[in-house]
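Chains as they are written, first to last, in our numbering: chain A, 311 to 599; chain B, -19 to 943.
Any given hint might turn out to be false.
Said to hold, decoys possible - Pairwise CB distance ranges (calculated): (1) A/393 / B/164: 48 to 54 Å; (2) B/244 / A/324: 57 to 63 Å; (3) B/164 / A/373: 38 to 44 Å; (4) B/83 / A/393: 44 to 50 Å.
Because the hints were derived from the structure by calculation, they are not lab data. Ideal Cβ placement from N, Cα and C applies to all residues, glycine included.
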Amino acid sequence: MNLWKQYLCPKNVSDALHALTSAPPPVSIIAGGTDLMLDLQQGHRAPVHTLVDVTDVSEMKALEIRGDELYVGAAVPINRVVASPLVQEHAQALVEAGSLIGGPQVRNVATLGGNVAHALPAADGMIALVALDARAVVANPDGERRVPLLDLFLGPGKSALQPDELLVGFCLPLRAPHQASAFERIMRTQGVALPILNLALWLARDDDRIADVRIAVGPFGPTPRRALAAEDVLRGQPLTGAVLAQALDALLGEARFRTSAYRATADYRRHLAGVLLQDVLQTAWQRAE
Amino acid sequence: MNEGMLAACRHEEAFYRGTMERQPQISLTVNGQLYQLPAVPGETLADLLRKRLRLTGTKIGCNEAECGACTVVVDGEPVLSCTYPAQRADGKTVLTIEGLAERGDEGVKLHPLQEAFVEHGAVQCGFCIPGQIMTSHALLQRNPEPSSDEIRRALKDTLCRCAGYPSIESAIQAAAHTLRTGEPLPPPDVKESGDGHRVIGHSHIRPDAIQKVTGEAIFTDDLVFEGMLHARVKRAGVPHAILRKLDVEQARALPGVVAVLTAEDLPGVHNHGLIVPDWPIMVGVGERVRYVGDALAIVAAESEAAAAAALDLMTAEFEELPVVSNPVQARRPDAPVLHESGNLLKHIKVRKGDLEAGFAAADVILEHTFHTPTTDHAFLEPECSVAVPTEDGRMEVYVGSQIPYSDRQQVADALGWPHERVHIVGQLMGGGFGGKEDIAGQIHAALLANATGRPVKLLFDRHESLIVHPKRHATRIRVKLGATKDGRLTAVETELYGDSGAYASLGEKVMGRATTHSVGPYEIPDARSDCYAMYTNNPPAGAFRGFGVTQSAFAVESMMDMLAETLDMDPVALRRKNALRIGSTTSTGQELRESVGLLECIDKVEAEVRRLIKQDEASHRPQGGPDSVQSIFAPRPVPGAPHKRRAWGFSAAFKNTGLGGGADDKAGAEVHLFPDGKLEVRTSSAELGQGLVTVLQMIVAEELGAPLSQVNVLVMDTDLTPDGGPTTASRQTYVTGNAARLAAQSLRQAIASTLAEKYDQPPEQIIFADGTVRVGGRSLPLAEVYAAMHSEGRQSYAVYEYRAPATKPLGQGGDMHFAFAFAAQAAEVEVNTLTGEVRVLRIVAANDVGQAVNPLGLKGQIEGGVMMGLGNALTEQFIVEDGYVVTDRLARYRIPSIVQTPEIIPIVVEHPTSEGPYGAKGIGEIVSIPTTPAITNAIYNAVGVRVDSLPVDQEKILQAIKA
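Work out the full structure: start from the sequences and follow the hints.
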């Protein structure tokens, strides 16, 4: 049985949406395809009739400043995201996360859209986007809407995107002076290529105080969430050992770390959360000077 | 056609009328040539390249975007063609390995990268090389002067299991230099062996290297025959059961299916096996399934898709039985019994002296139990066989196999034919490491070819390869050491449990070697070892580079460091004190009379570590000033990273060369002289990337005074080459090397006596040099020598069957092996005390190889062996849960990448063995054995955590640090 029968390469959003709704079903969007192809090849997903390849949709390939936002098309390959001077300037956490996604060959085709649409709880790119307060631009036959990224996740591997919807791109606030972001992750040398834990953090610094902060940790629970309680602890505080310890307590209080077989115990994740929080916070703090 | 399908068709039609796509076409440029092709549904770029354009240089190692072998460059960027939809390449420009060299009127001019990979010895089995070169090519296009770090980042996911990563890196640096400057290629950094031979001891490139860098090298899956069918195997999928019902009728009826065979259709024997025929070719109804990979039925179809679809239409019913999941459980009296002979495959015993007296003489007694996991060879080329029935009623089987004559026998027995009716035609092998000794698809392919009268290809995908073929034995090893206060070992007792899995394979031999080496390379007056090689419901375990000694060395070398600490003694001094040397007697009662280079290995590694530490101190100026009185094993802080600690660790090892234990260890070789003056050496011995073909070519060139280019090597063909025996036990350089040497010498004598007579000269004054024979002032090219032989009616070839020195079975004392290789290694690790993560920074590896035959090839073997040892320590764990394989994809079974590659400092020690060719002994395994304990001992020295269960688990390290 062929994994797909028909392969379409629309050039613009309306053609892509038309394909999604009118092509013989089942229809699936393919961007980089680095996960989707494996799912099809390994039988985790039934063969489809139509693949709609969105990597040539102009709106989804764009990467530019639009007004007071950085726009990153959902189908821009990760290697270009990472190499972009705009992303390097405005979204350092995304650069750091992106350069750890897959391997070099995978990054040449994999996309941020795919990273988010798969709705995994610890996808590196997605975690960075959450900390950077990205909004998703979602198109459907009725028009376009902007969605806070976290609203896209219903459960592990379950996205809120509808079958007739297209994740077109991401809008990120531009970085102002004394703002910075950072990302780190810890892996295991054996077994699946999923992080044990990753953490992305954005902060605004007001001299020796943390004026504002956003923290995303993966996996934090069944769906991505921000560490809001830890953020509350840090907001308005100087970066001291005591504040850090309090923030970590708050983070551990709200996290739902679990044990994954052959990867990490919940205890190890709790410990690493402290290591990562301190490291990433320190890095972002220095960058925001 | 039913209503629903009709509606779907109408829908489809309407869609095509209304939208952009009509008759889909792909237009793409491949290697400068424009192709217009109809789009094929579901096709990947790899399939388009390999199957439609027949550009088979692009390899499929995993088909799951993990290994990088399928890398091609699309619009300047390296991508994985196995997961790249072909239609996405529409309008794009693709460069594959075949497009890299310039093909002009005066032949092929290699790209500097290709040339560098050849010259630097970066090519071994060659299967990953197209991917390596294409990835590197894209890197150099955008970064003409990459740093080591940049190379490692770019090649992170382009795996090489021969693991010559340092050579790959130096090749890329060399090519980059040449591309930037136009200067000639910088040569590799390899020390030649200074022994006075003309050819032996000097570096030479592989005879197959050029084909392997141009993509022309053909591996089994690259073969296509007229009318060829595609086969698949229905696997049991349950670990322990009685097969109650099997229905294959629907599969038989599927269009495109040509044959489905079950156990009922077997024309010959029902079982196969290298030593014990206990492995069902297919499990029949009413028979026992013993592991998830057991075959129930085989299918041949017109397409791969039809064969795959047929599997889904077969149904099996099982009476499931309780699962035996480990060897300790298997030995319990109440364990389910898996074979008629019971669950005990073999109880192996070693006895020396009086153990009680030995322990009574000890001041210190230590005892500890270690665990090692199952691991997989993960050779990058999955198993593939093509069986082709011939017009004269024979069966050809094209396959990369480590034991072609055993394949012939097992295939013939399965067909119920005389052995000679089967012809194994050996193919290039994309790595073996012991994993291509057991027969895999050869029998199934041949049965289907016989049933259909058509060629049949059976290719395993990575998933099937991981589930089916025999692995490295998981073990539990208890070691008890007794020693005097001054560090003299008085007694050692070991007890081993080996998980041999569902079938015998080479389990008895592997665990035998584990046991006889379990006391380490030390002289011990009183020793006792007991090993229980057990059947379980796990995938079978068999040969894997190191052959059991990898496991037992981890246990005993950890113990030696524990003993050194207990005695407050330097670990190197402790080893030196007890090391085997000439005059020592091993635990099996073998007196060593020559070629024991262990002490020199130990000394050289220690000296090198000292030198490196001094060098570091000079360049770092650590706080507190120089402190050279400290032990070389003292932990050291990392400047600027207070949470990291570094330390060195040490280990030593020995490993037999050859089968030993009383086996008749022989190999045949022929050397032919042809009318055009070319020479050819023939033997069935296997080339799996390790470099035997280079060694044989060099030996014949040495003996007959010919240039290497004049010597062809033909291996692995049961019609054309004499039996070289199994390629296992690090034996081929020694055994087949000797056969080739003696055959060449015998041809040389025949030539000398013919020419002596013809020209009336004394034979001893006839000189073989520069591809000519000098006789009485004349200098005859070999073509003329052939003519002279021919006109005299003399045979222009010589055959030699070499028999290695006789050995004794275990338990009889005397020489159990005719040679041993020795090694010492030191590893430097860095442990992150906040996360438990471990990184290996440097490895110093000294190996007593007797005589380095080809230093360039030896360097590759050392690098690859060290990396395999590093994987064994840090990354590899084949997980089976109650008989079900968890690590059934390469994404779940991690082999080391270039990113994890430490600096590897090879040291070659040469204590020749008198019978070995030019003094050489085996090196394939010894290079890998000491790495794991050197790493775990270093971890202990860095953070005080003793790893007694592999692989190293960063979470456990952290827990222990915090405890």
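Inset, instruction - Against the structure, test the hints numbered earlier, and report the numbers of the ones violated in rising order. - result: 1 and 4
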